[in-house]
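All chains should be modelled from the sequences, with the hints used to inform the complete structure.
Protein sequence lines, in the order shown, are assigned to chains L and G.
Reading the first sequence from the start, the letters are residues 0 to 359 in numbering that gives the first Met the number 0.
Reading the second sequence from the start, the letters are residues 0 to 239 in numbering that gives the first Met the number 0.
Some hints here could point you the wrong way.
[What the hints assert, rightly or not] Residues from chain L that keep clear of chain G, each with C-beta distances beyond 10 angstroms, as calculated:
(1) G43
(2) L44
(3) L80
(4) E103
(5) A112
(6) I136
(7) E171
(8) E172
(9) T229
(10) G303
(11) A346
[Claimed, not checked] With a Cα cut of at most 25 angstroms, we get these calculated PhoX-like pairs of lysine-lysine:
(12) L:K270 / G:K211
(13) L:K23 / L:K356
(14) G:K154 / L:K277
(15) G:K211 / G:K154
(16) G:K155 / L:K277
(17) L:K35 / G:K184
(18) G:K11 / L:K270
(19) G:K175 / L:K270
(20) L:K321 / L:K126
(21) G:K154 / L:K321
(22) L:K321 / G:K47
(23) G:K184 / L:K270
(24) L:K35 / G:K47
(25) L:K74 / L:K35
Since the hints were derived computationally from the structure, they do not count as laboratory data.
Quick reminder that beta carbons are idealized off the backbone N, C-alpha and C, glycines included.
In case you want the letters, here they are:
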Amino acid sequence: MEKEGQVRIPSGCAIAALISREGKRIPGNIISEAMKPMHDRSNGLGGGFAAYGIYPEYKDFYALHMFFDERATRKNCEQFLKERFEIVKSEIIPTRKIAAITDEPIIWRYFVAPLKSVLLSLQLDEKEFVARTVMKINTEMEGAYVFSSGKNMGTFKAVGFPEDVGVFYKLEEYLGYSWTSHGRYPTNTPGWWGGAHPFTLLDYSVVHNGEISSYDANRRFIEMFGYKCTLKTDTEVITYIMDYLLRVQHLTLSETASVIAAPFWSTIEGKDEQEREKLSFLRTVFPSLLITGPFSIVLGFDGGLMALNDRLKLRSMVVGEKDDMVYIASEEAAIRVMEPDVQNIYAPAGGEPVIVKVKE
Amino acid sequence: MTVIDAAGLDYKELNDLIREGKEDITLINCLGQRFIASGAEKLHLVIKGIPGNALGAYLDGAVIDVLGNAQDAVGDTMNDGAIVIHGNIGDAAGYAMRGGKIFVKNNAGYRAGIHMKAYKDKVPVMVIGGCAGSFLGEYQAGGKIAVLGLESNGKKIVGNFPCTGMHGGMMFLRGKCEGVAFPAKVHVKTASDSDISEIYNEIHEFCTLFEKDEKEIISSPFTLITPDTKNPYKQMYVAN
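Pasting the structure below:
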């Protein structure tokens, strides 16, 4: 079989997220259950979760979650990592054998800190170094794939339906202040463990329902800055755009939303002067990062979430609240599973970001 | 009256039970099951919970009451009957509907009434009590859409790009619609009394269903939007 990245088949999907503004830690089975009423939005070729606040005991270390095709690849990769990082803990990610999930790769996690000497000699800041190392492994090391690389967060993904993936990874044992999840219906690629959502880089994670039509324009631009899109899936490029605009260009979340889901010029004309100038500036400086075609995404980051629809709102997304909790999903039914008495249910407009942060 | 507990049932099992059931059914614990009552003819269905996408698709005479919110594509291609939503409705409500009525107590999402059509006595109608999202009546080819803007709390009655590609039917928006940008291909005017008579029965029905003050609603001016036949869609893409 051709793998992810070798073939493009001409996505329906399901997304959900929850966050506690008070920073309360919630077990992962809550969001895993929420995927059940949206079962038919996925086809069993990918499910995954991102969780924030799950590794408080290792919060100062990058948590690398990795897939390996065989033991020798893992040994090689560990040697590579030891030359660059202090590894404070390495272990198999615990999983359950269930009939619904088969053909699993070797799944391992490492808590690491970049070696100071290496950083000094390369003259790189820590995050840039980790990002480059992830790119290097994913593009150059056959059979090894880093699918999560942030601090005090982690993603868990597999080929299967999301509610089964949650059981497989024993998500009820993890406590996070925010969770995102995804059920995949791949339409461009065949479906592989690494190709399941969320896509991540450092502490950014993206779950995405949709099919962007600007993929190649976005990819050509972002690859000029050292990112390598290896999987031919549109969500990967969205993740790198987020990292570039937020971490490298230091844009705010709402500015980032105005770049990737930029309003039409006719809509910009109707805004007040200050807003008009800002929106025009962002569209002019980053025209190649406008994402067109249908998408609804949830971006996870250290301390918060941002949900966003494409400007034409070609995919559904609903938001609801209860006390300090905020819930987001492709369908209201999923939110009702997480919180039957949810309040203030509403559907954000296309291009209108919903930004939720945990209280400092 | 038959009561069906939808908890744990997938859409196929649930729809089989509805088809086997009597003509008067209450559905409880509904949660996201799709295609409920699709194609149903003789049925009065009351739904408690959240019905899934494509509720009442191809509906052909049945009456559905949803005692809460509904998701996307309600009444997709419905032919006859009525769907009453005692809450909000999601995106693409009444997608390509060709007959029957949809009443929504509160707000509608994007693309309500997209490609509604009409033929002879088949004239679909949708009444939205609150506000509507962008692309209301996109490619509308027939039928009537009314938006009342009740309890709008200062929100615009309709989002951006209403009536894009409209080439048939009528749209009534309550109020003067200042600040709403309509495309050049439609004709916008304040509705006359005889125009209002075209939608009066459905507004009356809406007020009865949701216990609203009809006098107050109807006393406000309405804006009527129809396709501008003097400015038709021709040679938009190719000269042919």
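Hints, verified against the model:
no., hint, result
1, G43, "15 angstroms, holds"
2, L44, "19 angstroms, holds"
3, L80, "43 angstroms, holds"
4, E103, "27 angstroms, holds"
5, A112, "44 angstroms, holds"
6, I136, "39 angstroms, holds"
7, E171, "20 angstroms, holds"
8, E172, "25 angstroms, holds"
9, T229, "34 angstroms, holds"
10, G303, "25 angstroms, holds"
11, A346, "5 angstroms, violated"
12, L:K270 / G:K211, "35 angstroms, violated"
13, L:K23 / L:K356, "12 angstroms, holds"
14, G:K154 / L:K277, "23 angstroms, holds"
15, G:K211 / G:K154, "20 angstroms, holds"
16, G:K155 / L:K277, "23 angstroms, holds"
17, L:K35 / G:K184, "44 angstroms, violated"
18, G:K11 / L:K270, "48 angstroms, violated"
19, G:K175 / L:K270, "21 angstroms, holds"
20, L:K321 / L:K126, "35 angstroms, violated"
21, G:K154 / L:K321, "23 angstroms, holds"
22, L:K321 / G:K47, "21 angstroms, holds"
23, G:K184 / L:K270, "24 angstroms, holds"
24, L:K35 / G:K47, "19 angstroms, holds"
25, L:K74 / L:K35, "38 angstroms, violated"
Checked against the numbered hints above, the structure violates hints 11, 12, 17, 18, 20 and 25; every other hint is satisfied.
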